[in-house]
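Engineer: Each chain, letter by letter, is given below.
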Amino acid sequence: MAEIIQEEKGGGGKKRAKKILPHMDMTPMVDLMMLLITFFMLTTSLSKSKVMDITLPDKITDPNQEAPKISASRTLNILLGPENKIYWYPGAVKPEDYNNLPPLKETDFSATGIRQLLLERNRALFKKIDDFNQQVISGKIVISQDSVQGAIRQLKNVDDTGPIVLIKAYKKANYGNFVDILDEMNICGIARYTFVDIAWYEEKMVEMATAASPVATSAN
Amino acid sequence: MTPMVDTFAVILIFLLLTSQMRSPEPANVDMPFSISEKPTPDFNAMTFLLSPDGKVFMNFDNGPDTLLKFRPKILAQMGKRYGIEFTEKQLREFEKFPSSMGVPILQMKEFLDSEDAATRKTLQTGIPMDSTDNQLAMWIQFTRTVNPNIQAIIKGDTKTEFPVVKKVLDILQELNVKRFSLFTNLEAAKINLEEIQQ
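Respectively, the protein sequence lines represent chains A and B. When the first sequence is numbered by the working numbering, its final residue is 220 and no position is left out of the sequence of numbers. When the second sequence is numbered by the working numbering, its final residue is 1198 and no position is left out of the sequence of numbers.
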């Protein structure tokens, strides 16, 4: 016991003999660092932008080759119109009917507009994908992150109830509309969609619809 | 003082590691939003910048290894096609040029020789893509012969008129580039299934 006390006393003695540390002025260093941080914050971008993939159909160069046939009952034509409007009609229109074109229905890019329309038609597939995602999140299905996308693609491939969406852009649409509609396809899990050229009779349909709408609003 | 210095050092290192330099683009674009989470590729990408006033600019990288020097090779091939001989210095200048370029090939020499940014900006009038002189198609063709693994990415402004986009898409389609990507910003979208079913 006595020995230990003596050791403590020795330690106390050393503390008393402590040297005073040389003092350093940090202010210039802090200034410099602030300057560097400001510089980096202004000249760099933190988040990297993302990319969205899209595949275009083959261009038909041979005039004898016919466009692939799709069933008209599942077809949904979306026409991107001016001023962020979307026009749509189901089925197909033959060019012979140009005197008796079906009226276009108008909608917009909101959650209750085009998204509701697509989800109503694609509910069966969307529910399957949603259930699958829920099961992955809750851990009922153990699957690696890489194969989740593959499994969803498989679900989309076997689907035969959802709509076949043909996206067409009128000349007064803008690039934002184009990306938004493709994004909407991804959100709603549409299995089959493609971007095709607008036909002359469809341009006429959009022109008729845009000419009709200002009259309707002024009547209100 | 010391804790403050420590915090600054940490922030500085964080910024250094996570960020990349923003290269000044010839046109400011306001990118549309999407839910896609796929990151932008670091190399093997050719970018088409579609400005809101309808000009088209193009950018491509030097490949996965800077020693491959894809950029000067593409320019040399392009020069050969139009009968223009580029000097070693001009090729090096083109290799280093960081942002998209939209210079007609006949003005390219002048563009690469000029030193100040203002002159360069006036020469950036967009790549011509008329059916008589489709330089954009030529650029794409040579870029793909030099670097077969290259991937096409379109970077457009939300307000770019659709006919411009359509023209670029048509050129890509004609050259058999059917799979490509679109630059977007990330934005979340939530869907309430019950709400829709009502």
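Derived by calculation from the structure, the hints in this document are not laboratory data. Here a beta-carbon is modelled for each residue, glycine too, at the ideal position from N, C-alpha and C. Treat the hints with care, since some could be wrong.
[Claimed, not checked] Non-contacting residues of chain A with respect to chain B, defined by C-beta distances greater than 12 Å in every case (computed):
# : residue
1 : T55
2 : K69
3 : R74
4 : K94
5 : E96
6 : Y170
[To be verified] Okay, derived cross-link-like pairs now, EDC-like style, lysine to aspartate or glutamate, Cα gap no bigger than 20 Å in a straight line:
#  : chain 1 : residue 1 : chain 2 : residue 2
7  : B       : K1178     : A       : D58
8  : B       : K1178     : A       : D53
9  : B       : K1159     : A       : D160
10 : B       : K1166     : A       : D160
11 : A       : K172      : B       : D1030
12 : B       : K1073     : B       : E1095
13 : A       : K168      : B       : E1174
14 : A       : K171      : A       : D131
15 : B       : K1166     : A       : D58
16 : B       : K1080     : B       : D1030
17 : A       : K168      : B       : D1170
18 : A       : K171      : B       : D1170
19 : A       : K128      : A       : D108
20 : A       : K171      : B       : D1053
21 : B       : K1159     : A       : D131
22 : B       : K1121     : B       : E1095
23 : B       : K1166     : A       : D197
24 : A       : K172      : B       : D1053
Engineer: Take the C-alpha atoms of A/K172 and B/D1053, compute the straight-line distance between them, and say whether it is at most 20 Å.
Structural biologist: Since the Cα atoms of A/K172 and B/D1053 sit roughly 14 Å apart, the hinted pair holds (cutoff 20 Å).
Engineer: Does B/K1080 pair with B/D1030 here, judged by a C-alpha cut-off of 20 Å?
Structural biologist: It is violated: about 36 Å lies between the C-alpha atoms, which goes past 20 Å.
Engineer: B/K1073 and B/E1095: Cα distance at most 20 Å?
Structural biologist: Cα-Cα ~9 Å, so holds.
Engineer: What's the verdict on A/K128 and A/D108, does the C-alpha distance respect the 20 Å limit or exceed it?
Structural biologist: Given that 20 Å is the threshold and the Cα spacing comes to 26 Å, the pair is violated.
Engineer: When you check the alpha-carbon spacing of B/K1178 and A/D53, does it fall within 20 Å?
Structural biologist: holds (10 Å)
Engineer: Straight-line Cα separation of B/K1178 and A/D58 no greater than 20 Å?
Structural biologist: holds (7 Å)
Engineer: Is the Cβ of A/T55 more than 12 Å away from each Cβ in chain B?
Structural biologist: Nearest chain B Cβ is 5 Å from A/T55, so the label is violated.
Engineer: Is it the case that A/Y170 keeps its Cβ farther than 12 Å from each residue Cβ in chain B?
Structural biologist: Given a closest Cβ separation of 8 Å, the condition is violated.
Engineer: Run the C-beta distances from A/R74 to all of chain B and say if the shortest one exceeds 12 Å.
Structural biologist: Its Cβ never comes within 12 Å of chain B, the nearest being 20 Å, so this holds.
Engineer: Taking the closest pair, is the beta carbon of A/K94 still more than 12 Å from chain B?
Structural biologist: holds (24 Å)
Engineer: Is the nearest CB of chain B more than 12 Å from the CB of A/K69?
Structural biologist: Consistent with the label, A/K69 stays out of reach of chain B, its closest Cβ about 20 Å off (over 12 Å).
Engineer: Is A/K171 within 20 Å of B/D1170, Cα to Cα?
Structural biologist: It holds: about 14 Å lies between the C-alpha atoms, which stays within 20 Å.
Hint violations for this structure: numbers 1, 6, 9, 10, 14, 16, 19, 21, all remaining hints satisfied.
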